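Protein chains in written order, with the numbering used here: chain A, 1 to 315; chain E, 1 to 215.
No lab work stands behind these hints: they were computed from the structure. Mixed in with the good hints there might be a few duds.
[To be verified] Subject to a maximum C-alpha distance of 20 Å in a straight line, what follows is the list of computed SDA-like cross-link-like pairs (lysine to any residue):
#, chain 1, residue 1, chain 2, residue 2
1, E, 24, A, 283
2, E, 145, E, 48
3, A, 54, A, 102
4, A, 289, E, 94
5, A, 289, E, 25
Given the structure is predicted, the values throughout are model-derived calculations rather than measurements.
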Amino acid sequence: MTEDALRAAAFALMQAAGFVLVAPLLRGAIKKMKAALQTRQGPPLFQMYYDLAKLLRKEAVRSEVTSWVYAAGPRVYFATAVAATTLVPVLVATAPLESAGGILGLVGILALGRFALAAAALDTGSPFGGMGASREMTIAALAEPALMLGLFTSALAAGSMNLGAVVRGLLELGVFFHPSDIFALSGLFVVLIAETGRIPIDNPATHLELTMIHEAMVLECAGADLALVEWASAVKELLYVTLLIDLFIPAGIATTVAAGPLLTALSAWGGKVLLFAVAITLVESTNAKLRLFRVPELVAVSLGLGFLALAIRFL
Amino acid sequence: MVPDLLILCGAGMLVTAYLMVGQKSLFMTIRLYGAQSLLLAVVAATMAVAEAHPHLFVMAAMTTVLKGFLIPWFLMRVVDRIGIHREIEPFLNVPASLLVCLGLTVVGYRVSTGFPEGAAGMTHHVIGVGLSTLMIGLFLMVTRKKAITQILALLTVENAVFLVALGITSGMPLVVELGIFFDVILAVLVLGILVRRIVDRFESMDISRLSRLKG
Numbered sequence: 001m002t003e004d005a006l007r008a009a010a011f012a013l014m015q016a017a018g019f020v021l022v023a024p025l026l027r028g029a030i031k032k033m034k035a036a037l038q039t040r041q042g043p044p045l046f047q048m049y050y051d052l053a054k055l056l057r058k059e060a061v062r063s064e065v066t067s068w069v070y071a072a073g074p075r076v077y078f079a080t081a082v083a084a085t086t087l088v089p090v091l092v093a094t095a096p097l098e099s100a101g102g103i104l105g106l107v108g109i110l111a112l113g114r115f116a117l118a119a120a121a122l123d124t125g126s127p128f129g130g131m132g133a134s135r136e137m138t139i140a141a142l143a144e145p146a147l148m149l150g151l152f153t154s155a156l157a158a159g160s161m162n163l164g165a166v167v168r169g170l171l172e173l174g175v176f177f178h179p180s181d182i183f184a185l186s187g188l189f190v191v192l193i194a195e196t197g198r199i200p201i202d203n204p205a206t207h208l209e210l211t212m213i214h215e216a217m218v219l220e221c222a223g224a225d226l227a228l229v230e231w232a233s234a235v236k237e238l239l240y241v242t243l244l245i246d247l248f249i250p251a252g253i254a255t256t257v258a259a260g261p262l263l264t265a266l267s268a269w270g271g272k273v274l275l276f277a278v279a280i281t282l283v284e285s286t287n288a289k290l291r292l293f294r295v296p297e298l299v300a301v302s303l304g305l306g307f308l309a310l311a312i313r314f315l
Numbered sequence: 001m002v003p004d005l006l007i008l009c010g011a012g013m014l015v016t017a018y019l020m021v022g023q024k025s026l027f028m029t030i031r032l033y034g035a036q037s038l039l040l041a042v043v044a045a046t047m048a049v050a051e052a053h054p055h056l057f058v059m060a061a062m063t064t065v066l067k068g069f070l071i072p073w074f075l076m077r078v079v080d081r082i083g084i085h086r087e088i089e090p091f092l093n094v095p096a097s098l099l100v101c102l103g104l105t106v107v108g109y110r111v112s113t114g115f116p117e118g119a120a121g122m123t124h125h126v127i128g129v130g131l132s133t134l135m136i137g138l139f140l141m142v143t144r145k146k147a148i149t150q151i152l153a154l155l156t157v158e159n160a161v162f163l164v165a166l167g168i169t170s171g172m173p174l175v176v177e178l179g180i181f182f183d184v185i186l187a188v189l190v191l192g193i194l195v196r197r198i199v200d201r202f203e204s205m206d207i208s209r210l211s212r213l214k215g
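The following block holds chain E by itself, in its conformation from the complex (with noise of 0.2 Å):
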């Protein structure tokens, strides 16, 4: 039972990961975001009654109240304040990322054999899937033009690197954890300002833009 959660979960934040690849609505992106981080809640919810380690709830509960909500609706109210187009403008068409993500989620899996048998004896697949989350942030971040969406690349990443150390780890120090809250917080905030002062300065989130900047 516990198991058949985790790596439902965990899946199932890899297929948010899929569908802000697949889609282009900027709002749907950021819901999508909201709904990968409570999945990453539970999976940490999971952990805490499976292995006994109370400060997970701690974890879990912050997940869901900073990540799951409180960070979507930031996010959202920096879109409506700066009344941007709403559509996500790739470097790279749909199909052809979704390319690049199949061949990168392989690769994650192929490199998650390699792990040792660690927490629950589901590291395998949690770190597979966690690991595939990962490079798919990354390849987010890369081929997104807006600064918005590059935060949610970024936050993505910063999500699917606390599952693979659930599945690892099954938890880290609560010192530690909140520390990186604090971190994602901040950097949330501090791209928040930076994106209006992009909009401010370019009148675009474009970020392309910022090469014009050379001298």
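Same shape as in the complex, but just chain A (with noise of 0.2 Å):
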């Protein structure tokens, strides 16, 4: 028993400081395709790398009216983000923390780690932080329940409230295709461009006061606390990217632990990823950022979507 716990513990470990290594290069990657499109150079693909690193040794400065509150909001946002990590699956058909917590722990541990970075924005007593807070919060309350209808549909396909078990009994099922599965997925990729402020919602490149969303909330954040929050929103990105590909493609995804299928598993993630990795710059390079009181609309819609597609899969 105690064995098998340690097991699960070290593949837990494995897999969250693989996620904290990789994401900040989906951000690159991103950045780098979008900047091919504008036939720019753009930056070079490991500059969040380097971003992070300069972030890490600089002091973080903090205004003197912040209490710990402030303090804790960057360190349990990142915790939120590499805990959650632990509850999906990404090369083999288990995740590593399966005991722990299935969909509704994965959101509840996102809405915690949202709740502490907006309870710090709103401690700096700053107005972009309050501003940032509560923007944010209007769009979290669509987004959360349009990303548990979303989840739940592939759960009802499987039988299992538990990502792991979500997994393998869509891998049994086969490559069946269920019409509700289209809208669940149009449904959660409005949801993947909101969580991680892409640009039909939020501009992740502008501090343009009047527009922004996530970047007010975190404009008074300095040094490690800034390096903290960019990186666990890469890791939050890449986790997103993966329980899409979890639900809807999962072909591919190792059954057995063994180095020849842990090698395709990983390329075929990566190739996957990649995949959405280019959707998500299609859908920026090709859209204009909406006025904000238009977001709720359309997050509203992939909240009809996720509730049509559950409808459907019942009928």
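With the hints as a guide, bring the two chains together.
This is the structure:
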């Protein structure tokens, strides 16, 4: 029993570490592809690693009026993002800490991180922090149920709320296609865009005071605090992409722990992540940022698609 | 493989119908209609291969050329010529429309369970998607103000009817389908001219102004 627990812990550590190390690469890849579409050279692929290294060396300047809530915010945000990675199957069709929680656990952990960051933003007392926190929460209040409905649709097909069991169930069902999948996928893709602050919803590249959402919230962060927030956001982005891969194109994932299948699973996973990166790049390059008051409309569409997917699955 | 492709394209058509409800650019709606027709052509071609009905290839080709490219091009030209405001102004706002469409889809799906199993064993989903698209098309027709968006809604309904027909009968006789095609082309041409007449007369495409004609 203890040996099993140790093995699960080691597996969880390895997967989390791998996720944290690879995550900035996805951001770099998306930036590079976006630049290529605009016929620019763009920042190097590893730019985010350099940024993180620079920020981590710097002192975290904090306002005098802040309390421990502010100091805890980025740390809790980072910790929840890393913890969430252990609930998702990546290369093997089991999540490392499967017994610890399923879909609701994952959504709850991510919500905790968001709450911590919003609380930290409010704690600074700066108007931007409060504005960013309120906007982030407005969107999250719609995106979170959409995420849950999308996840439930797959859970219903596989007959389990546990992500590892969901992936195994989907693999067992084979590649049978149900119309609800396309609704759930379109809904969850909008959630992915909303949660990672990509262009139709939010623009990660600017600090324009009237339009920014996520950036307004972390405007006060500096040095190591900022590095943790940025890093956690990158981890979350890769996490959402992996989640979509698990639910809709799980083929190729390893069912046994052996060198051969693991290598196949790694290349398959990498390829699929790249596919999603291309999709995100195309969406970012071909759309203009929505007016803030239009954003809830779009996220409501994804909520509707989630409802529809679930309803069709039942009928 | 065949059922998967059929359902994928059918569901894709329903998604394009939803996108038509969900966004407000006139050109985007026309492009979505083109995409929807191309998906329908894929459905027809898949049926042709699976059921060995060569005449469905003719339908697929005609759908691609006429509904996928020619009609959207014609409608865009009409919009360009009359130089109207390019935003759609629905009677009902977007979130409310989406809620109504959700209800319509559930109804369409529920009704489709009553149909007998037919072609390719996929009837339930294809008919469900088809009926839902049909009702969303009808809904679009009654909630849109501009004459051009009503033409698009009519064409969406026509696509949906075609999809349902494919789902039930795996393709009607060629003569019937050719007749429907000419009807559609004629309808688009006539309505295109009608739109320009309306714009000439009222300097707007807003059909709610037609009620002023009352004596």
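Hint-by-hint comparison with the structure:
no.	hint	result
1	E/24 to A/283	18 Å, holds
2	E/145 to E/48	38 Å, violated
3	A/54 to A/102	36 Å, violated
4	A/289 to E/94	18 Å, holds
5	A/289 to E/25	15 Å, holds
Checked against the numbered hints above, the structure violates hints 2, 3; every other hint is satisfied.
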